[in-house]
Amino acid sequence: MQLPSVLLENAVNEFAKLPGIGKKTALRLVLHLLKQDTGNVQLFSETIAKMRQEIKFCQRCCNISDGDICAICANSFRHQKTICVVENIRDVIAIESTQQFNGTYHVLGGLISPLDGIGPDQLNIESLVNRIQKEETEEIIFALNPNIQGDTTIYYIQKKLQPLNCTATTIARGISFGGELEYADEMTLARSLANRLPVQQYVKG
Amino acid sequence: MPVLRFSNLHIIQFRNYQDQQFNFDKRIIGICGPNGTGKTNLLDALYYLCFTKSYFSRPDGLSMKEPAGGFRISGEAIAGEKKGELTCIVRENGRKEFSENNEPYKKFSAHIGKYPCVMIAPDDVQLITGGSEERRNFIDTIISQVNKDYLQDLIDYNKVLLQRNSFLKSASENQHFDEALLSTFDKQLAEKGQYIFSARVKFLDEYIPVVKEQYQLIAGKEEAIALKYDSQLLNAPFTELLIQNRSRDLYLQRTGAGIHKDDAEILLDQQPFKSVASQGQRKTLLFALKLAEYFFIKSHKGFSPLLLLDDVFEKLDAERMENLLTQVCVKEDGQVFITDTHQQRLALQLSNINADYQLITL
Ligand SMILES: Nc1ncnc2c1ncn2[C@@H]1O[C@H](COP(=O)(O)OP(=O)(O)OP(=O)(O)O)[C@@H](O)[C@H]1O
Ligand SMILES: [Mg+2]
Ligand SMILES: [Zn+2]
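Chain order of the listed sequences is A and B.
Residue 56 in the working numbering sits at position 56 of the first sequence; the count goes up by one each step and never skips.
Residue 96 in the working numbering sits at position 96 of the second sequence; the count goes up by one each step and never skips.
FYI, nobody ran anything at the bench for these hints, they're computed from the structure.
Treat the hints loosely; a few may be bogus.
[As the list claims (entries may be wrong)] Examples of chain A residues toward chain B, derived with CB under 7 angstroms: (1) F15; (2) K17; (3) P114; (4) L115; (5) I148; (6) T152; (7) Y155.
Computed from a predicted model, the values in this text were never measured in an experiment.
All C-beta atoms, glycine included, are put in the ideal place defined by N, C-alpha and C.
Isolated chain B (complex conformation):
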């Protein structure tokens, strides 16, 4: 089966890197080095080439080695059958340019999904313990990679939402509002929102069973875990919700109903997962969520996404770790990057599962 595979990477003035080239000639790439040597930054550079931005929702400017110095990341990849030479340049003034095979993108969103990639990083437990926005972002990132219209609809939805909120604000300042204009915004919002809602329903129907399956696989036993989509739109069509909420919206000067309030509810033994689950169970769920993402993208794209595993060894015991590595490095055929502070531990783990790997020491 075809995969997404990077053969090299060249980073200039990005975070702690001045000018460095890497060649990747194996499918499994271990990256080791002490704290602060740039392991996470290397993975994030690859992520940049897949998503045109940092995994850590950091502004581009903060990734310049010297303030206002600009940076450049480039690399060659094969996505399925297609070869791509990807270049991301952030200029001194903060302007970003992104090109594929020397063809600059007019809209960066057109790049998303062509080089699908799944990252697992230490701070990701936020996905389970944090607010609903974390889970919406997570879901949106996955759907956007397999559904082009979704991302555009989401961008449009957010633009209309900003306009509508700004309208509500000025309506309350002027003690008067233009009914026709509010209905216009409602119509635009409902149109985009309803579409996003059905895409999320469809996605979660397919995704949730895979999460459960992966969870049991890593845990090695049955645990009563449940995931549920939570949206106001499950109760009533969006247009109705907007009408019901109208006077409240005008009073609060913001839009109270919509898919921007959606969440995914996670339960363990019918209790909220984040309040009852142990540390280990949280980690297990996190991996299950990410692996399910991996499989979802793979089945929709027809090729394996890139897998970036940052500091995963800190997260699971040896046996679970080996299960996970076997799962992604042996049973799957995609390219995997794994970081660790201990070279010997990493080499041992990869040898244990008989992986054909390459080690990069920073």
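Pulled out of the complex, with its shape left as it was, chain A reads as follows:
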């Protein structure tokens, strides 16, 4: 694509780095910004820069947070001894929007997959095990995608938890097999949270 300005081209290239945005869409977005007041665009870019610079990850559950501890962890009305283990922050958002879960979360940051170069050390697994030990967690609920990597991750964590006195359950496989959690509709997700199964039983099924 031949552009009349290097400044324009740089901006287009930056937008095109975003997932799902091609060169054409990037150009459309940049031209749109060009039509706005300088002040508005200033605000837009500052908001993004500030978000990236100042956002924190909760020291307890690895969720995104404005402070050291996230709003969910800090809410004393939530059940502190129940942890829902999820792959990423999008899953937290999906489950929160069902309004059916009143415990806390732990965000792993991915699933175990040596093929993709992801071992347990790359994930927030050790911090989870330490946390369960320290906080004397009563129940952990695995809300991971029902695929092979999800299973591997559940078994592995389960193995690490064996010496501890904590019940492990998993959300029912009601959500479409191999389908991603974040795409499941709220009703299905809520139902599978309500009908959770002990991990051992899930393993055989």
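Given chain A's structure and the hints, the job is docking chain B with the ligands onto it.
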């Protein structure tokens, strides 16, 4: 008895076909034409609609008439009582879409087995002379058509196997391994593997006697042929094998024990079949293996699968050929597609057995 029967086929930009429609109004369909006119491609198009992929394990892209041009295969079939309008589209970018009655599949594996089909093609002797993978694939294709969980377990098994091998590789690079993670993979592998093993045992118990019976029928006489399942899991449970092999696996960076090493041993007069059998005996065994597949699927599905016979006339003498055709076209009630380069030979053979047939000339 209900059968699987196609009433038409429409192929667009697939291999040598630009845009062509076929109607099938008879149960026996002869397809003739000189070499390279698209007989095998027509059969493979039908196979595509049954299995969502080519019989010849060819990537979809190579079946596009024009490179990156995409193709489309559609057809109407009745499977037992159920009507199905099947469409397979491979887009220009290689993306494949498959739908039944305009309902797209999320997982293609869900389609396998609904429209069972048996193909016999010239290169199939590989099944007898080739490596163990050919025989495992053959067995897996049959079981998958009658047992839904089997295919999923097989897919899962292979995924875990890849992960475990990749883990073994990085363990050797880092000179250190996570015991808990290796045990996790072992547990997952053993669980799926043990299930696949018992499904294979159960299948072969039922299948092998039928192969022998069909072999004698086509050969017309008794021959001392034996088939045997060969698996490490016959000697010890999978979990034990994995533990026994652990240090070797870590050293070789791949998984040495498991159902991915299974084979079926074939013997003639207690000698390995592939080294002692004559050409004719090989062909006879090939037909026996395929016909046994046909009967196995039929008895489990409750209806006859589609039978695709490619170039079979090149393979057997006239008398054996007639035996075979009588067997599949007269004694059985399923739909049969047969290709031949010689129109007269094909017409004569089909008239000889009094088949009610239709001829398509390409
Ligand atoms: N991707 C493709 N695009 C275009 N043509 C193709 C493609 N793949 C195969 N063909 C052509 O299709 C033709 C017919 O192939 P096919 O194997 O169906 O013939 P056949 O009638 O079975 O011949 P034979 O009697 O030799 O077995 C071949 O000439 C081949 O060049
Ligand atoms: Mg051919
Ligand atoms: Zn938190």
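Hint by hint, here is what the structure shows:
1. F15: 23 angstroms, violated
2. K17: 22 angstroms, violated
3. P114: With a closest approach of 4 angstroms, the P114(A) hint holds.
4. L115: Since chain B brings a Cβ to about 5 angstroms from L115(A), closer than 7 angstroms, the hint holds.
5. I148: Constraint on I148(A) satisfied, holds at 4 angstroms.
6. T152: Since the shortest Cβ distance to chain B is 6 angstroms, the answer is holds.
7. Y155: Holds. Min distance 4 angstroms.
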